[in-house]
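S.K.: Line by line, the protein sequences give chains A and B.
The first sequence runs 0 to 133 under numbering that gives the first Met the number 0.
The second sequence runs 0 to 133 under numbering that gives the first Met the number 0.
One thing to keep in mind: the hints can contain errors.
[Claimed, not checked] Calculated cross-link-like contacts (lysine-lysine; reagent style BS3-like; alpha-carbon spacing at most 30 angstroms):
no., chain 1, residue 1, chain 2, residue 2
1, B, 38, B, 122
2, B, 122, A, 122
3, A, 127, B, 122
4, A, 39, B, 3
5, B, 3, A, 127
6, B, 3, A, 44
Rather than coming from a laboratory, the hints here were simulated on the basis of the structure.
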Amino acid sequence: MSLFNTFHIAGSALTAQSLRLNAVASNLANADSIIGPDGKPYRAKQVVFAATPMGSAAAQGVRVTQVVEDRAPGRMVYDPRNPVADERGYVAMPNVDVAEEMTNMISAARSYQTNAEVMNTAKQLLLKTLTIGQ
Amino acid sequence: MPSKLDSNFLLQQQALTLRANRQQVLAGNIANADTPNYKARDFEFAAALENVLSGRREGSLLLAITSPRHLGGAAGSSQVRLLYRQPIQPSADGNTVDMDVERSRFAENAFQYEAGLTFINSKIRTMITALQGQ
């Protein structure tokens with residue numbers, strides 16, 4: 000029954016978009032974390048989406064293949080009183096672009112919403128199918 | 000008699016199956032709206048229905064039948080020919096999903112599915128009326 004597959008496809012998109020939203024939350028929370036788990040400034044994380052077949056070739060779901068670290072250089076802030084400042088008084092900050100993360104967040108939220116709607120439509124159609132002949 | 004009942008419902012049943020199939024393809028497009036290099040897909044409903052009703056398959060390799068005791072069969076075939084959508088506004092990451100187009104097609108297809116359900120229900124009702132003979 001291919002309408003059930005519609006559920007799986009929309010579900011895979013919901014999972015992927017929530018992962019993206021998680022990455023955005025992590026990036027925004029750590030926009031000023033000058034010391035990450037490895038002792039270096041936090042680096043922005045981005046998810047990579049890839050289409051993945053679900054059940055049949057016609058049904059393409061989506062999944063997150065990997066989470067990559069943004070390789071853009073972090074900004075340097077002059078703050079000689081900071082304990083982690085280098086010998087010239089500069090502090091390496093994370094490479095999180097807050098404006099970019101905000102647009103990323105809106106895009107992820109909209110995609111999540113659309114896929115939830117797809118799921119709702121599939122549910123309505125399935126329920127109506129169950130009442131055939133009544 | 001069962002075969003006559005069968006053929007009476009065949010058209011509606013095949014149409015519903017195809018609509019459900021198309022719903023799944025469109026859900027895949029919506030799920031992959033943010034996947035780089037994903038190409039939106041769809042199929043022509045009228046042509047697919049014609050193929051199904053006439054038993055024709057797209058790009059199929061039929062088994063050679065040289066004896067009346069051989070069974071027929073087809074390899075690597077499907078009655079639905081999936082095509083790629085012509086992008087109106089292609090994006091820089093190679094994705095051709097246009098959310099407006101996909102969502103309107105999705106809504107239209109859901110509506111057509113419901114119409115199919117209505118047709119099949121009224122056929123069943125006609126049949127029941129005939130059976131009761133009151």
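S.K.: A separate judgement is required for each hint: does it hold in the structure or not?
M.R.: Consistency of the hints with the structure:
With a C-alpha separation of about 39 angstroms, the suggested pair residue 38 of chain B and residue 122 of chain B falls outside the 30 angstroms cut-off, and the hint is violated. Between residue 122 of chain B and residue 122 of chain A the alpha-carbon distance is near 24 angstroms, which keeps this suggested pair within the 30 angstroms criterion. The suggested pairing of residue 127 of chain A with residue 122 of chain B holds, with an alpha-carbon distance near 16 angstroms, which does not exceed 30 angstroms. Annotation: proposed proximity of residue 39 of chain A to residue 3 of chain B is violated, straight-line Cα distance about 75 angstroms (limit 30 angstroms).
With a CA separation close to 25 angstroms, the supplied pair residue 3 of chain B and residue 127 of chain A stays within the 30 angstroms bound. Restraint check: the Cα-Cα separation between residue 3 of chain B and residue 44 of chain A comes to about 62 angstroms, which exceeds 30 angstroms; the hinted pair is violated.
The structure fails to meet hints 1, 4 and 6 from the earlier list, while all remaining hints are met.
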